[in-house]
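Protein chains in written order, with this note's numbering: chain A, 10 to 334; chain B, 11 to 350.
Since the hints were derived computationally from the structure, they do not count as laboratory data. Here the structure is a predicted model, which is why all the values come from computation and not from measurement. From the three backbone atoms N, C-alpha and C, an ideal C-beta is built for every residue, glycine too. Treat the hints with care, since some could be wrong.
To be verified - One side of the interface only, derived from the structure: several residues of chain B facing chain A at Cβ under 8 Å: (1) Val130; (2) Val220; (3) Asp223; (4) Lys225; (5) Asp247; (6) Leu292.
What the hints assert, rightly or not - Here are a few chain A residues that sit away from chain B, every Cβ distance over 10 Å (derived from the structure): (7) Lys105; (8) Glu130; (9) Val148; (10) Asp199; (11) Leu267; (12) Ser269; (13) Ala270; (14) Glu288; (15) Gly323.
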Amino acid sequence: MPEERETLVEVCRLKKYFPVRGGVLKRPTGYVKAVDDVSFSVYKGETLGIVGESGSGKSTMARTLLRLIEPTEGNILFDGEDLVGMTKSELRAARKNMQMVFQDPFSSLNPRFKVSKIIEEPLVAQGNFSKAERREKVVSLLKKVGLGADALDKFPHEFSGGQRQRIGIARALAMNPKFIIGDEPVSALDVSVQAQVLNLMKDLQDEFGLTYLFIAHDLSVVKHISDRVGVMYLGRLVEIGPKKAIYEEPLHPYTRALLSAVPSTNVDAKRERIVLKGEPPNPANPPTGCPFHTRCPLAHERCMVERPELVDQGNGHYVACHLYE
Amino acid sequence: MSNLTQPSTNDNTEKLLEVKGLKTYFFPSKNKVAKAVDDVSFTIHKGETVALVGESGSGKSVTSLSIMQLIPSPPGEIIEGSIKLEGKELLTLTTKEMNNVRGKDIGMIFQEPMTSLDPVFTIGSQLIESIRKHKKTSKKEAHNIGVNLLKMVGFSRAEEMMKEYPHQLSGGMRQRVMIAIAMACEPKLLIADEPTTALDVTIQAQILDVMKDMKEKFGSSVLLITHDMGVVAEVADRVLVMYGGQIVEEAPMRKIFKETKHPYTKGLLASIPDIDKDVDRLDAIAGTVPPAHAFPDGCRFRDRCPFAMDICKRENPELLELEDGHYVRCHLYEGGHDDA
Chain A
10 MPEERETLVE
20 VCRLKKYFPV
30 RGGVLKRPTG
40 YVKAVDDVSF
50 SVYKGETLGI
60 VGESGSGKST
70 MARTLLRLIE
80 PTEGNILFDG
90 EDLVGMTKSE
100 LRAARKNMQM
110 VFQDPFSSLN
120 PRFKVSKIIE
130 EPLVAQGNFS
140 KAERREKVVS
150 LLKKVGLGAD
160 ALDKFPHEFS
170 GGQRQRIGIA
180 RALAMNPKFI
190 IGDEPVSALD
200 VSVQAQVLNL
210 MKDLQDEFGL
220 TYLFIAHDLS
230 VVKHISDRVG
240 VMYLGRLVEI
250 GPKKAIYEEP
260 LHPYTRALLS
270 AVPSTNVDAK
280 RERIVLKGEP
290 PNPANPPTGC
300 PFHTRCPLAH
310 ERCMVERPEL
320 VDQGNGHYVA
330 CHLYE
Chain B
11 MSNLTQPSTN
21 DNTEKLLEVK
31 GLKTYFFPSK
41 NKVAKAVDDV
51 SFTIHKGETV
61 ALVGESGSGK
71 SVTSLSIMQL
81 IPSPPGEIIE
91 GSIKLEGKEL
101 LTLTTKEMNN
111 VRGKDIGMIF
121 QEPMTSLDPV
131 FTIGSQLIES
141 IRKHKKTSKK
151 EAHNIGVNLL
161 KMVGFSRAEE
171 MMKEYPHQLS
181 GGMRQRVMIA
191 IAMACEPKLL
201 IADEPTTALD
211 VTIQAQILDV
221 MKDMKEKFGS
231 SVLLITHDMG
241 VVAEVADRVL
251 VMYGGQIVEE
261 APMRKIFKET
271 KHPYTKGLLA
281 SIPDIDKDVD
291 RLDAIAGTVP
301 PAHAFPDGCR
311 FRDRCPFAMD
321 ICKRENPELL
331 ELEDGHYVRC
341 HLYEGGHDDA
């Protein structure tokens, strides 16, 4: 979209390397480059979807954004302030505005806490509310996510997966955040329940003006919820752009293959499928040059030596591929 | 089963698997009965791929485990019904006879290939074992068959793979090994329980291709258990939709998508975001799948059904044939039924 938009989160050259230790002295013998030089912005009020297969680094990237994992290098500007380099107390204050909803609603809620306590905890941590105020707030949050006040005194095991994910969302909303990262928030749910939670997330976005970073491996789900979409492969962002551009005119050979591999329920529109050979390479030992060249049907010599940078193709559609330079 | 229930002999020759009135119940405690599979009947013809679709708790996996007679007992038990493979009743077989059917006549692949491969044996020894179990061959011959099978499922370095262990392979590779093992004895029926659910889409595409290939080469029939309607549209000839332990709709693949009848199937399709369509809001089905010990009286879907009527509370509808090969279990389609 051409119009000027306010940036909420700006990620600059973010890197997260995990050392692989070996030998007697446990010295690093190499690095898994889980997130390798990723830059992008998230605009206010939008949903940026991030897709990628397992091992692409999308979850690590999400955690690094909140500094739940310390980044190796790079900057994360939230509302203009750099989270990297903040002290613990500064970070704590900044995190009020950003929350996370996790994939597994079974392990992300403490099984020994009642729902009221789970949702109330962030409010207690903040420390500005009386007990009665907190209770009131918890009830209204539950109502927002479609659960009744009878849920207050129940434990997580008494709920189904979809209901638990609603509780997780209520907890995330408790601090009135501006920014919510959903890390595969609907992947563990049955399709009928998945649709309910997706609808809920859309409604809440409208109501509270939330900005989402939505991470998922399901391309249909990401297409449904996102305004813009980024594609990750082996720790790198290989393409990013408006949803329409990514899904209708994908440029990167990986994005094309990925999209063509999604089985469609539209029985009349059988698409040509590009079946990729082989498996994604080991991130501890990534190929030189373009990370995708080992599986790319269009790879040429340059791809093996030189790493492509994200290049603007117009309308905010960026692709990292030598074919488009 | 008497011959009366069998229609024309012509179509009988094509039938591979016939499940009739299958009831598999679980008894988790004294007063609890979970009717996980409750009166399920269907047929799989030779060379056909039938998809069994449903959400968790619909009974689709229990149906496939019942066919293989792998229901943990207790607490589970096949209460009633008949499962015939090429006219031979499987439920009355002895354990030994059934062991022969498993692996030889019916192959099976599961969702998580790591748990179904033995971590302490090489790929080769597991392949050779399953080949020699059902075929009288020398080790050498079995080895060659194994290498060939690995090549068929798309491994170029099949010879080396025979010496490798499961942990050395990725998820997609393991699943291909599982397919090779399952196809080792050229089974008449391959049961694939969520074979691609744990895999990435590009790998899923590879696996679906391999399954199609193998099916063509060996002429096997496939019973594909999945929750992914996209996969169904990709590979199935016929579709059975399960809800609450029962089949609620059965039709040729295109009809399931184009002439959807049952409100549950409609809801299921509407709740999936499709990559080829743009919708602002998904039509979610309200509520959740009830647990198997607490199905409502009458129609099991009525609590979540937008079209529920009075009669739905009282009577569970029968699975009726609307037109050739299209069956639906819903009072809305019971023409001539007196709503009293």
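How the hints compare with the structure:
1. For B/Val130, the interface hint is violated, the least distance from its beta-carbon to any beta-carbon of chain A being 23 Å, above 8 Å.
2. The beta carbon of B/Val220 is not positioned within 8 Å of any beta carbon in chain A (closest approach about 10 Å), and the interface hint is therefore violated.
3. Interface hint at B/Asp223: violated, since its Cβ lies 12 Å from the closest Cβ of chain A, which is beyond the 8 Å cut-off.
4. Evaluation of the B/Lys225 hint against chain A yields a violated restraint, the C-beta minimum of about 17 Å exceeding 8 Å.
5. Because the smallest distance between the Cβ of B/Asp247 and any Cβ of chain A comes to about 12 Å, over 8 Å, the interface hint for this residue is violated.
6. With 8 Å as the threshold, the beta carbon of B/Leu292 comes within range of chain A, its nearest partner Cβ sitting at about 4 Å, so the hint holds.
7. Every beta carbon of chain B lies more than 10 Å from that of A/Lys105, the smallest distance being close to 30 Å; the non-interface claim holds.
8. The claim that A/Glu130 is not at the interface with chain B holds, since no C-beta of that chain comes within 10 Å of its own (minimum 26 Å).
9. Its beta-carbon lying about 22 Å from the closest one in chain B, A/Val148 satisfies the requirement of being farther than 10 Å from that chain.
10. Chain B draws A/Asp199 into its interface by the beta-carbon criterion, the shortest separation being 4 Å against a cut-off of 10 Å.
11. With a least beta-carbon separation of about 6 Å from chain B, A/Leu267 fails to lie farther than 10 Å from that chain, contradicting its non-interface assignment.
12. For A/Ser269, the condition that its CB be more than 10 Å from all CB atoms of chain B is violated, with the nearest at approximately 8 Å.
13. The beta carbon of A/Ala270 is not kept farther than 10 Å from every beta carbon of chain B, the shortest such distance being approximately 4 Å.
14. With a closest Cβ-Cβ approach of about 5 Å to chain B, A/Glu288 is found to fall inside the 10 Å limit, against its non-interface label.
15. With a closest Cβ-Cβ approach of about 22 Å to chain B, A/Gly323 is found to remain outside the 10 Å limit, as its non-interface label requires.
In the structure shown, a violation is registered for the earlier hints numbered 1, 2, 3, 4, 5, 10, 11, 12, 13 and 14, in ascending order.
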